[in-house]
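Undergrad: Single-letter residue listing:
There are 2 protein chains.
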Amino acid sequence: MRWLRFMYDGSPTYGYMVEQDLVVPISGTPFSRQDARPAPGAAPVPYASLELLVPVVPQTFYAVGRNYRSHIDSVYRASDPEVKDPERPEIGYRANNALLPHGAAIRIPADATEKVHYEGELVAVIGKKGKHISEQRALEHVFGYTIGNDVSERTWQKTDRTMWRSKNTDTFKPMGPWMETHCDLEAMHTNVRVNGELKTSFQTCDMIFGVARYISTISQYFTLYPGDVLWMGTAGTSPDLRDGDVVDIEITGIGTLSNKVVREPHGE
Amino acid sequence: MRWLRFMYDGSPTYGYMVEQDLVVPISGTPFSRQDARPAPGAAPVPYASLELLVPVVPQTFYAVGRNYRSHIDSVYRASDPEVKDPERPEIGYRANNALLPHGAAIRIPADATEKVHYEGELVAVIGKKGKHISEQRALEHVFGYTIGNDVSERTWQKTDRTMWRSKNTDTFKPMGPWMETHCDLEAMHTNVRVNGELKTSFQTCDMIFGVARYISTISQYFTLYPGDVLWMGTAGTSPDLRDGDVVDIEITGIGTLSNKVVREPHGE
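Just so you know, the protein sequences line up as chains A and B, in that order.
Following UniProt numbering, the numbering of the first sequence begins with 1 at its first residue and continues without gaps.
Following UniProt numbering, the numbering of the second sequence begins with 1 at its first residue and continues without gaps.
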């Protein structure tokens, strides 16, 4: 089932997709079954007519930095051959100001260098509150999956002490287009295209530590809440993104997150 | 004016304090003047009877890591004499799962070491959305100020790659008791007491970079939203906190944030 978030009657609203690309708006959130009922008097709306929002605004925005060996090789080991693969799951954070819906433009500040890259990522959305969750039961806490683009300015990533600008500049975190509740993690494939040309392709589950292991580990210290998101890292590398490029991140079984790149001119 | 957040009629509710420690509940939030009106039919409630919540749940939780020279000396330079003072404002992040109201217990996990420390911090709460804010106009974007305790497990802080557990374990971010809208930044003093005994005392504004400079710098890349919080760092150091200790962080002109420390027993 596909769950979306969009503007409806002037307010952010959740809805689910039914046949023929129609979307049924609901009142409340999809994370509580009790609330998830059609909005009073609401008729299904064509998907194509919607003003999409990010599918969820998390209370906490978790992100895994190093979870595919080919990405550690190309991004980290290239400048420091001593970088090791992680020995245990550790989690980082991103910031909500940077979230951007499917279809909206990634805006690169004028003072950024040419080294702006995409990172296509599987995103697990938490559906059920929990702490001290076992690895065996971890996936019961997942509501569904969506797609993230962890846009990164690599020069800032090396010089910023905390990756603040490199990862969290406004519009640097596209997420969407929707949450899919039925996914086969083992069968998924991630394909990233720039202007329609395939640039990066990998098996989504080829992670050093998988979704269940991450949820179990971090929940030993953190309570996970409905709507929290866990970005699972990326593989490979990216060409430098240029003004006008369109980045499509497809994860089979979910869909495609598409965003255009706009470089802000100097002197704005 | 003091703004609080608390449970009222079963829901999180904002209110403001009037004379004789009475609190007037409002509907909406204090960040929008339009919404900030007394809740229909609500009578003032005694402060002492309230179930307090953290005064705001931020969309993005910003935190300054190194902003007082005495703290850089005692925490960072002690293990690495080469650590330099920051040359420009850079910002880090904390996680909402860790937020804890005034009066609630800081719970230290059984596997933490003895090296658990307080950090008494001024917290600026954003009241007005903005980007590309000048330093001159930055304080117009502040709604008010509250107090934070950036509880830190120093052993994990050295070994965790991202400070995930060391800073963000559940209950490690007490914040409160309220937001004060009228503060004289230059006159404030921070006093931290453990079990009533003064342990750390410093002039609050003795920062390397002040509130206005930080807001201006980060808003060159980030949109700041009403309710976002900016924890401004701490001075000095802390003794190791023990089971049963009560930590009071007073910032003159705001109030006192008080939390008891509980060490979770092994085998829980």
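Keep in mind that the hints were calculated from the coordinates and are not lab data.
Among the hints, a few may not be true.
One copy or any two copies: either way a pair holds, since identical chains are not told apart in the list.
[To be verified] Calculated cross-link-like contacts (lysine-lysine; reagent style DSSO-like; alpha-carbon spacing at most 27 Å):
(1) K158 <-> K84
(2) K260 <-> K129
(3) K128 <-> K158
Undergrad: Hint by hint, say whether it matches the structure.
TA: Here is what the structure says about each hint:
Taking the shortest Cα distances, K158 and K84 sit within 27 Å of each other both inside one copy (17 Å) and across copies (17 Å). For a Cα distance limit of 27 Å, the shortest separation of K260 from K129 across copies, 25 Å, qualifies, whereas the shortest one inside one copy, 35 Å, does not. In the homo-oligomer, the alpha carbons of K128 and K158 never lie at most 27 Å apart, since the shortest distance is 36 Å inside one protomer and 32 Å across protomers.
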